[in-house]
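Going down the list, the protein sequences come from chains A and B.
Counting in the numbering used here, the first sequence runs from 1 upward without gaps.
Counting in the numbering used here, the second sequence runs from 253 upward without gaps.
No wet-lab data here; the hints were simulated from the structure.
The reader is advised that the hints may include incorrect statements.
Going by beta-carbon spacing under 8 Å, a handful of chain A positions derived as facing chain B [claimed, not checked]:
1) Trp-18
2) Leu-20
3) Leu-51
4) Arg-61
5) Ala-65
6) His-69
7) Ile-200
8) His-201
9) Thr-211
10) Tyr-212
11) Asn-230
Using C-beta positions, here's what the derived DEER-type ranges look like [stated by the list, open to error]:
12) Gly-210(A) x Ala-589(B): 34 to 40 Å
13) Trp-306(B) x Ala-249(A): 25 to 31 Å
14) Tyr-772(B) x Thr-17(A): 24 to 30 Å
15) Arg-747(B) x Ala-236(A): 41 to 47 Å
16) Ala-95(A) x Pro-744(B): 33 to 39 Å
Some chain A residues well away from chain B (every beta-carbon gap over 10 Å; in silico) [claimed, not checked]:
17) Leu-75
18) Asp-102
19) Ala-105
20) Asp-125
21) Thr-205
22) Lys-207
23) Lys-238
24) Thr-244
25) Lys-246
26) Gln-247
27) Lys-248
For each residue, glycine too, the CB sits at the ideal point set by N, CA and C.
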Amino acid sequence: MIPFSIQLGTFALSLATWGLPFDASTHGPAVDRHLLLNLWIILGLAALAHLILLVGLIARRRAEATSWHVEYLPLAALAILFAFLTIRAERLWAAARYTGADLSALQVQVVGEQFAWYFRYPGTDYTFGVTKPQLVDAGAGNPLGIDPADNHGADDIVTSELVLPANREVDLRINSLDVIHGFSVPEMRLKQNAVPGMTIHIHFTPKVPGTYAILCTQVCGMGHYRMNANLRVLPAEKFAAWLTAKQKAVQR
Amino acid sequence: MAHRKTKGGATVSFRRYLFSTNHRVIGVQYLVLALVSVTIGTLLSLLMRIHLVWPDYIVPFHGPILPEDYLALVTIHGTIMLFFVLTTAPQSGFGNLILPSQIGARRMAFPVANAISFWLTATALLILLSSTFVPGGSAISGWTAYPPFSAIASAGPGQGFGMDMWLASIAVFAIAGTIGAINTLVTIIKLRCEGMTWDRIPLTVWGWFTAALLSVIAFSVLLAALLLLFCDRHAGTSFFVPTGDLVNGVIHAAGHPGNGSPLLWLHLFWFFGHPEVYIAILPGMGLTSMLLANFSRRRVFAYRMMIFTTLLIGFLGILLWGHHMFVAGLNPYAASAFAVSTMAIAIPASAKVLSWLVTVWRSRPRYTTAMLFSLGFVSLFITGGLTGPVLAQPILDEYLHNTFFVVAHFHLIMAMAGIFGLFAATYYWFPLMSGRFMSERLGRLHFWTTIVGAYATFLPMHLTGLMGEPRHYAQLIGVPNAAGHLLAGTLPLNRFITWSAIFLATAQLLFFANLIHSLYRGKIAPPNPWQATTLEWHPALHPNAPFETSDGRIVVYRQPCEYLATAGEELILPQWRSDGIPNIKPE
Ligand SMILES: [Cu+2]
Ligand SMILES: [Cu+2]
Numbered sequence: 001m002i003p004f005s006i007q008l009g010t011f012a013l014s015l016a017t018w019g020l021p022f023d024a025s026t027h028g029p030a031v032d033r034h035l036l037l038n039l040w041i042i043l044g045l046a047a048l049a050h051l052i053l054l055v056g057l058i059a060r061r062r063a064e065a066t067s068w069h070v071e072y073l074p075l076a077a078l079a080i081l082f083a084f085l086t087i088r089a090e091r092l093w094a095a096a097r098y099t100g101a102d103l104s105a106l107q108v109q110v111v112g113e114q115f116a117w118y119f120r121y122p123g124t125d126y127t128f129g130v131t132k133p134q135l136v137d138a139g140a141g142n143p144l145g146i147d148p149a150d151n152h153g154a155d156d157i158v159t160s161e162l163v164l165p166a167n168r169e170v171d172l173r174i175n176s177l178d179v180i181h182g183f184s185v186p187e188m189r190l191k192q193n194a195v196p197g198m199t200i201h202i203h204f205t206p207k208v209p210g211t212y213a214i215l216c217t218q219v220c221g222m223g224h225y226r227m228n229a230n231l232r233v234l235p236a237e238k239f240a241a242w243l244t245a246k247q248k249a250v251q252r
Numbered sequence: 253m254a255h256r257k258t259k260g261g262a263t264v265s266f267r268r269y270l271f272s273t274n275h276r277v278i279g280v281q282y283l284v285l286a287l288v289s290v291t292i293g294t295l296l297s298l299l300m301r302i303h304l305v306w307p308d309y310i311v312p313f314h315g316p317i318l319p320e321d322y323l324a325l326v327t328i329h330g331t332i333m334l335f336f337v338l339t340t341a342p343q344s345g346f347g348n349l350i351l352p353s354q355i356g357a358r359r360m361a362f363p364v365a366n367a368i369s370f371w372l373t374a375t376a377l378l379i380l381l382s383s384t385f386v387p388g389g390s391a392i393s394g395w396t397a398y399p400p401f402s403a404i405a406s407a408g409p410g411q412g413f414g415m416d417m418w419l420a421s422i423a424v425f426a427i428a429g430t431i432g433a434i435n436t437l438v439t440i441i442k443l444r445c446e447g448m449t450w451d452r453i454p455l456t457v458w459g460w461f462t463a464a465l466l467s468v469i470a471f472s473v474l475l476a477a478l479l480l481l482f483c484d485r486h487a488g489t490s491f492f493v494p495t496g497d498l499v500n501g502v503i504h505a506a507g508h509p510g511n512g513s514p515l516l517w518l519h520l521f522w523f524f525g526h527p528e529v530y531i532a533i534l535p536g537m538g539l540t541s542m543l544l545a546n547f548s549r550r551r552v553f554a555y556r557m558m559i560f561t562t563l564l565i566g567f568l569g570i571l572l573w574g575h576h577m578f579v580a581g582l583n584p585y586a587a588s589a590f591a592v593s594t595m596a597i598a599i600p601a602s603a604k605v606l607s608w609l610v611t612v613w614r615s616r617p618r619y620t621t622a623m624l625f626s627l628g629f630v631s632l633f634i635t636g637g638l639t640g641p642v643l644a645q646p647i648l649d650e651y652l653h654n655t656f657f658v659v660a661h662f663h664l665i666m667a668m669a670g671i672f673g674l675f676a677a678t679y680y681w682f683p684l685m686s687g688r689f690m691s692e693r694l695g696r697l698h699f700w701t702t703i704v705g706a707y708a709t710f711l712p713m714h715l716t717g718l719m720g721e722p723r724h725y726a727q728l729i730g731v732p733n734a735a736g737h738l739l740a741g742t743l744p745l746n747r748f749i750t751w752s753a754i755f756l757a758t759a760q761l762l763f764f765a766n767l768i769h770s771l772y773r774g775k776i777a778p779p780n781p782w783q784a785t786t787l788e789w790h791p792a793l794h795p796n797a798p799f800e801t802s803d804g805r806i807v808v809y810r811q812p813c814e815y816l817a818t819a820g821e822e823l824i825l826p827q828w829r830s831d832g833i834p835n836i837k838p839e
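Can you make the complete structure from the sequences, with help from the hints?
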């Protein structure tokens, strides 16, 4: 039985963070701060508006207001507030999305299909091999249709869990074989649709080692709710060992 | 409607009421259709809520809810509520019933087109509902029907014939909606009575006008998109399907010269989809302004500003569809631009709220049920609206997109506020339709249970969304991996939400009871029972006024909602009176 004080403590903590899950990425805390700022502001505004409504209903009748100040002053204040939030948000968005990943970032391909996520690492040649949809055959161990005629593909590693090193930037190239899926990692504050016919890059740096959920967040069929995978973030040396083992397995 | 009694009995009244071209009859027909739809839509949502927290529940006459059943429930619930309730009831239902009278007209501009529009809408509903019974069942791709999922029959059960029927239903609805919108626009532009200048038009009419403008623009684009999707499904085109798309082991559009893009559908769909939510809510916003003013005996604060903001919301409403696509593969710079246009709409929306707050400020209003629901509308509009700017910021939407936070947002602002507008309209205009009041005691009980139920259902959804619960998940229990842990964490709150939803739905029985009871037993209403100032309460337009003799000239002398308070006595100044009449309190 967990002591009551600890239960109360975790409850208070989850209230303070509005139930947000653990934040395990480097860009996440800034996003969380901005999100929480937004939530507290709108909570305040909602309370204020309801207070004005209630007081106005309860107070004694008075002649109707004709002054335009009651309209334009609050409106100007709200405009400034929303502009402030927009600028703050756009700066965070620009930092996350306007530029691509650093050239030294770890390259991983993310592929969605009904109803699984696959992850591909380019292997020792740092180059992804060509894939062809007609070669896709999950039963034969080639779920992404890597073309054996292309040498670059021979050392590619395909996994069903995403394993990443902590504190290194990752460049994800996301696409889909069939329909639109939503690649989402709540604990990394990441979401990007996987769209067939497109390759979309997002980049981020996982910080805290651990196991996190990867979900599908775009309805894609009857198995949508169970289309998920684990993201395992490892300390750098453990990741290196994992990658070496995988590379050996591919080369054999 | 007081028609002269005609001999010939059943067949005559059958013709008169079923295939009527009278705008009031058509308005009632739309409202009945919406009432049927909202009942079905609510029952579907209850099945969803129950399945989410008690997945082993066996539905009588059906069996367990399979994942594809759940998605069909989501799809039909969303489609039915948005199109056949939130668009149909305010715009077509009350639009037909009240709009002509409010501008001093005796009919809609095109009565036959009006009847055709209704029967097309009814056909669309029938097609949608009967898709349940075709092989594979109803479509399962949600009301947004993103391709390639919606373009390829083998992408899931329901994506075959069920999807075709969904397309047919929405296409017919779009045609009906466009006809209805043109009818509304022409009526407002051409049939206003003498003295009804643009700045004297009630804000409800401005709501219908703006919504109709949006309908013409939005539905025509939707219709084009539906046609393209149909061609992708059956004519071998690939507007939305990229080359080499591999669905269920089959390669589609192989060797096709065209390389389609699913994003094209998203652009077309949301170009329709965002204005659609304003089509649903604008008439309610107009009505709220009018009712708050009338029951507060106050002018609408900043009337011209309210007209302007209505039009501005409509105009901005067609410029911000991209906020549905921040994480869909949109250029990140475009996301920034759409974020700004979306944030901009917060300004006219805030101006509306300020006007409502100022209008009722220290007014000691009369708390009729219609007034309560209007105040509820204001509350829900504030609570649901404030999360809009949060979702408009791409970096925050990246986390919140397609979570229950979004579900909470649009259910409060569009569904609940929209429904509150409809309830206010029903309680307010019931005497006009039937000559009787609805029961105020039952009405008050209905209001309080409904607003408590609405908040209890939709406020906690913000939290499960923040916890990371995605939309469209058929199950939260028994999901493998770390995801299962994340989803299971939302279960206690989700159980609470389900109980609240059951409470909210049950409370609506009060409304049905009130409706039926009052239709036969309701207190007889005098002419203009709310002491209103707008033309639909003109004595010549009263339901008990003989139809044939009611062709006296109607002239408008002033803006709506003008009242004079002299010492101890109130004077209401209806739009049709050159002089004021004393406010005779009904009690
Ligand atoms: Cu998926
Ligand atoms: Cu929108």
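We went through each hint and held it up to the structure:
1. Trp-18: Holds. Min distance 5 Å.
2. Leu-20: 6 Å, holds
3. Leu-51: Violated - the Cβ of Leu-51(A) stays beyond 8 Å from chain B, reaching only about 10 Å at its closest.
4. Arg-61: 4 Å, holds
5. Ala-65: 5 Å, holds
6. His-69: Result: violated, 10 Å to nearest chain B Cβ.
7. Ile-200: 5 Å, holds
8. His-201: 10 Å, violated
9. Thr-211: 5 Å, holds
10. Tyr-212: Holds - the Cβ of Tyr-212(A) comes within 8 Å of chain B, reaching about 6 Å at its closest.
11. Asn-230: Holds, about 5 Å.
12. Gly-210(A) x Ala-589(B): 34 to 40 Å: 37 Å, holds
13. Trp-306(B) x Ala-249(A): 25 to 31 Å: For Trp-306(B) and Ala-249(A) the Cβ distance comes to about 44 Å; the hint is violated.
14. Tyr-772(B) x Thr-17(A): 24 to 30 Å: 55 Å, violated
15. Arg-747(B) x Ala-236(A): 41 to 47 Å: 42 Å, holds
16. Ala-95(A) x Pro-744(B): 33 to 39 Å: 36 Å, holds
17. Leu-75: 6 Å, violated
18. Asp-102: Per Cβ check, Asp-102(A) is outside 10 Å of chain B; nearest 17 Å; holds.
19. Ala-105: Correct as stated: the minimum Cβ-Cβ distance to chain B is 17 Å, above 10 Å.
20. Asp-125: Correct as stated: the minimum Cβ-Cβ distance to chain B is 24 Å, above 10 Å.
21. Thr-205: 16 Å, holds
22. Lys-207: 16 Å, holds
23. Lys-238: Non-interface label on Lys-238(A) holds, nearest chain B Cβ at 18 Å vs cutoff 10 Å.
24. Thr-244: Per Cβ check, Thr-244(A) is outside 10 Å of chain B; nearest 25 Å; holds.
25. Lys-246: 20 Å, holds
26. Gln-247: Its Cβ never comes within 10 Å of chain B, the nearest being 25 Å, so this holds.
27. Lys-248: Label holds. Min Cβ-Cβ 26 Å, cutoff 10 Å.
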